[in-house]
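A.B. asks: Heads up: the protein sequence lines correspond to chains E and F, in order.
Take the first sequence: its position 119, counting from 1, is numbered 119 in the working numbering, and each next residue is one higher.
Heads up: take any position in the second sequence, counting from 1, add 1000, and you land on the working numbering.
Hints in this document: simulated from the structure, not taken from any laboratory.
Everything numeric in this text was worked out from a predicted model, so none of it was measured.
Hints may contain errors.
What the hints assert, rightly or not - Heads up, simulated EDC-like pairs for lysine to aspartate or glutamate below, C-alpha to C-alpha not over 20 Å straight-line:
1) E:K79 <-> F:D1093
2) F:K1077 <-> E:D434
3) E:K79 <-> F:D1095
4) E:K368 <-> E:D434
Unchecked claim - Per label pair, the in silico range of CB-to-CB distance:
5) E:A424 <-> F:A1139: 28 to 38 Å
6) F:E1124 <-> E:H269: 13 to 23 Å
7) E:G464 <-> F:D1194: 21 to 31 Å
8) F:G1076 <-> E:A307: 46 to 56 Å
9) E:H269 <-> F:W1127: 16 to 26 Å
10) E:K79 <-> F:Q1238: 54 to 64 Å
11) F:R1256 <-> E:W101: 29 to 39 Å
12) F:A1190 <-> E:M142: 49 to 59 Å
13) E:R133 <-> F:E1124: 22 to 32 Å
14) F:D1095 <-> E:G146: 26 to 36 Å
Said to hold, decoys possible - Every beta carbon over 10 Å from chain E, so not counted as near; a handful from chain F, in silico:
15) K1081
16) F1096
17) E1124
18) G1148
19) P1206
We treat Cβ as the ideally placed atom computed from N, Cα and C, and that holds for glycine.
Each chain, letter by letter, is given below.
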Amino acid sequence: MNHRGLLKPLNNLWSLVLFWIGTWQARADRIGEMVDISLKDQFIRFASMEDPALRFALAGGVILGILCGMMGTFLVVRKLSLVGDTISHAVLPGVAAGFLWNMEKDPLAILIGATLAGLIGMVLVSQLTRHTRLKEDTALGMILAGFFGVGICLMGMIQRLPTGNKSGMDKFLFGQAAALGWEEIQIMALVGLIALSMIYLFYKELLVSSFDPSFARSIRIPVDWIHHGFMLLLAFAIVISLEAVGVVLVSAMLIIPAATAFLLSDRMHWMLLWACMVGVMAGVGGVFFSFLGQKLPTGPFMVLSAAVLFALALFFAPRHGMLARWWLRRSRTLRIQRENALKAVFHIMEKEAFTKEGVTVIALARSKGQTLKATEMTCRELERAGLATLSHEEKALYLTPDGMRRAQTIVRNHRLWERYLTDAANYAPDHVHDDAEEIEHILGEDTVRMLERQLNFVDRDPHGKPIPTIQDIASSGQAQASKGQGMSGYRNPS
Amino acid sequence: MSSERKPSESIPLEIHDLTVAYQSKPVLYGIDVTIPPGKLIGIIGPNGAGKSTLIKSIMGLIPIEAGWIRLFGEPGKRHLKRVAYVPQRESVDWDFPVNVLDVVMMGRYGRLGLFRRPKAHDREVAWACLEKVRMTPYADRQIANLSGGQQQRVFLARALAQECDLYLMDEPFAGVDAATEASIIELLHALRADGKTILVVHHDLPTARNYFDMLMLLNMRLIDFGPTEAMFTYEKLQKTYGGRLTILSEVADAVRQNHES
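Construct all of the structure, not just a fragment, from the sequences and the given hints.
C.D. replies: Here's what the structure looks like:
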């Protein structure tokens, strides 16, 4: 694992922000008339963890968050989210069977029953896919709904039994972290530890087999064993999360934290870390809200907390969030607008053979076919960017050395590209302008040098206009140094 | 080499009477070939000739119907670790959370075995391989932000990092730009100078003449194998490309349908 660039400041800031927001919700929301003690007192009671049931519930939420985060990460990158969904619903009849075994809520029996049901479900899916025309998504959908339906029937039966009502089995649908006892926490901690160590020990095998299974096979990594081992671990993780989150929503706890992490990271170990953090926050948030609401089911609140965190990442994630992408697009558009304005200024100056030092705003507006007001705004924008200065009274625009350099570069890119299209790609000269209008803004320096070389350092574009050279661009920075000498587009204007 | 002597370890690849079927349809028939070490060899043939299938069956990714394959004198997967496989620039998930260096490091995993972590030496080798393909400025980039030619070079660097003796490449030049193609050839020549053996499935006949020392002409059967110039005769190429073996294909279809009903 690579620890270079560990915790860049932005990542650090993000984790703090998310944690603060995650707990801010708790402070600011009102649960209404269900709370007869004040919110502040509830929070203090929560934070001080006097309530033993609360301590177990929190421990369960934390373990669940870490486990679901880790397993969910691999589900998402291996594109197995639907499989996770199927297993998590297919376990329900197993849960019911576990209860019916001894007619009491025996955690171990339920665990075994649920795992068996999950595994049987998966075996059925693969058999269906292999021996019939049915595709995998069909088989998954059938097993998910079919097993779940059977499970609901069994749960209904259990409720009608004399011991059924007090069994606490109804908590398995939507989860109740408050029902977690010492036994359950022990099992959860054990499975959590096993999962952590498996992922640690087999990290590189998991990574390669997830990324490129045929390459993994070619370097003798046992891809099939890893897949089956992972599925088994997944089944365990789902089953021990059932009591806290519930059968209906455990797949959400697998997927949402991992999906959030996917938006926040570009490397696997960071994604794992983020997924665990989001999972823990969601787990704790769910416990807290259900605790506030006097033992409302925890599952939905965990999922809601996770969903809020996901929404935050969706909007505010540094590279992949919508805000970041919008910002990038906007700054790109603005840059292109600025460069087009610079080009227009350059063209006017060129037409006057660089005899004048600047252009009038009116002339600029006329050449671009814009209103005076719009042009004035553009001019001010150029001034703000340090590319030009406006005379007082804002009647004339003068390019700064930076602005001149940038204008020359754009014009050079444009005219070189036009020449390339006509000479090397056999475009007609009247077809090349629009293409060059787009390309001029994005040509990198290396590509431009290659163009120059390929075109044998040609000095005119297809319309006869001179192409600024690198020396021209470099010297315009020094032009202002010599007094009284106006800035010319070219060192040796013809 | 008489058949009584023990198969030589210096022969990187020996194939005898290989028949491979792909989903009940015979794709390769009775392939017999001995690959000499230290040569750059092209595998040429029309589409559907079984070129990729041959490579995959050498790697053990596809089951064999008949015949055997020996790598460095031993059958089975004994010496598979000395073979590096560069598959077609396939459907890799480009959004996967790894960067360029991570992918090249994966080439070192095969040598590490279970439970071991990559060491500093592995990083150095990975870095050196990135330099050989001229991708070091991109080491930190997530793989989606690369052009087609750059992606191909990353997978090539991964194969180099495996430090193998036999390289099998499936159409490494497909869809790459001219600059990348030139640098790949340069790399292959360097490997050959190091004594490595390289088999390349190639799709373009004219360039095959310039690139390879020897050519294997394949069209479900081995048409011929030998020095490049000797392979470029009209009859040989006609046999390989012209007149696809229609009867053979139809019989193959019939066999498949027979299996399925």
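A.B. asks: Take the hints in turn and mark each one as holding or not.
C.D. replies: Right, here's what the structure says about each hint:
The hinted pair formed by K79 (chain E) and D1093 (chain F) meets the criterion: a straight-line CA distance of about 10 Å does not exceed 20 Å. A C-alpha spacing of about 59 Å is found between K1077 (chain F) and D434 (chain E), which places the hinted pair above 20 Å, so the restraint is violated. Our distance criterion of 20 Å between C-alpha atoms is met by K79 (chain E) and D1095 (chain F), whose separation comes to about 12 Å. A C-alpha spacing of about 16 Å is found between K368 (chain E) and D434 (chain E), which places the hinted pair at or below 20 Å, so the restraint holds.
A424 (chain E) and A1139 (chain F) have their C-beta atoms about 33 Å apart, which keeps the hinted 28 to 38 Å range intact. For E1124 (chain F) and H269 (chain E), the Cβ-Cβ distance of about 21 Å falls inside the hinted range of 13 to 23 Å, so the restraint holds. Distance hint check: the CB atoms of G464 (chain E) and D1194 (chain F) are about 55 Å apart, inconsistent with the given range 21 to 31 Å. One distance hint, 46 to 56 Å for the beta-carbon pair G1076 (chain F) and A307 (chain E), holds here, with the actual separation near 52 Å.
Look at H269 (chain E) against W1127 (chain F): about 19 Å separates their beta carbons, and that is inside 16 to 26 Å. Evaluation of the 54 to 64 Å hint for K79 (chain E) and Q1238 (chain F) yields a failure: the beta carbon distance comes to about 46 Å. Restraint check, R1256 (chain F) to W101 (chain E): a C-beta distance of roughly 49 Å breaks the suggested window 29 to 39 Å. At about 55 Å, the CB distance of A1190 (chain F) to M142 (chain E) agrees with the hint of 49 to 59 Å.
A C-beta distance of roughly 52 Å is found between R133 (chain E) and E1124 (chain F), which places it outside the suggested range of 22 to 32 Å. At about 33 Å, the beta-carbon gap between D1095 (chain F) and G146 (chain E) stays in the expected band of 26 to 36 Å. A cut-off of 10 Å between C-beta atoms contradicts the statement that K1081 (chain F) is not in contact with chain E; the least separation is 7 Å. With a closest Cβ-Cβ approach of about 5 Å to chain E, F1096 (chain F) is found to fall inside the 10 Å limit, against its non-interface label.
Every Cβ of chain E is farther than 10 Å from the Cβ of E1124 (chain F); the closest lies at roughly 14 Å, confirming the non-interface assignment. Chain E leaves G1148 (chain F) outside its interface by the beta-carbon criterion, the shortest separation being 17 Å against a cut-off of 10 Å. With a least CB separation of 22 Å from chain E, P1206 (chain F) remains clear of the 10 Å interface cut-off, as annotated.
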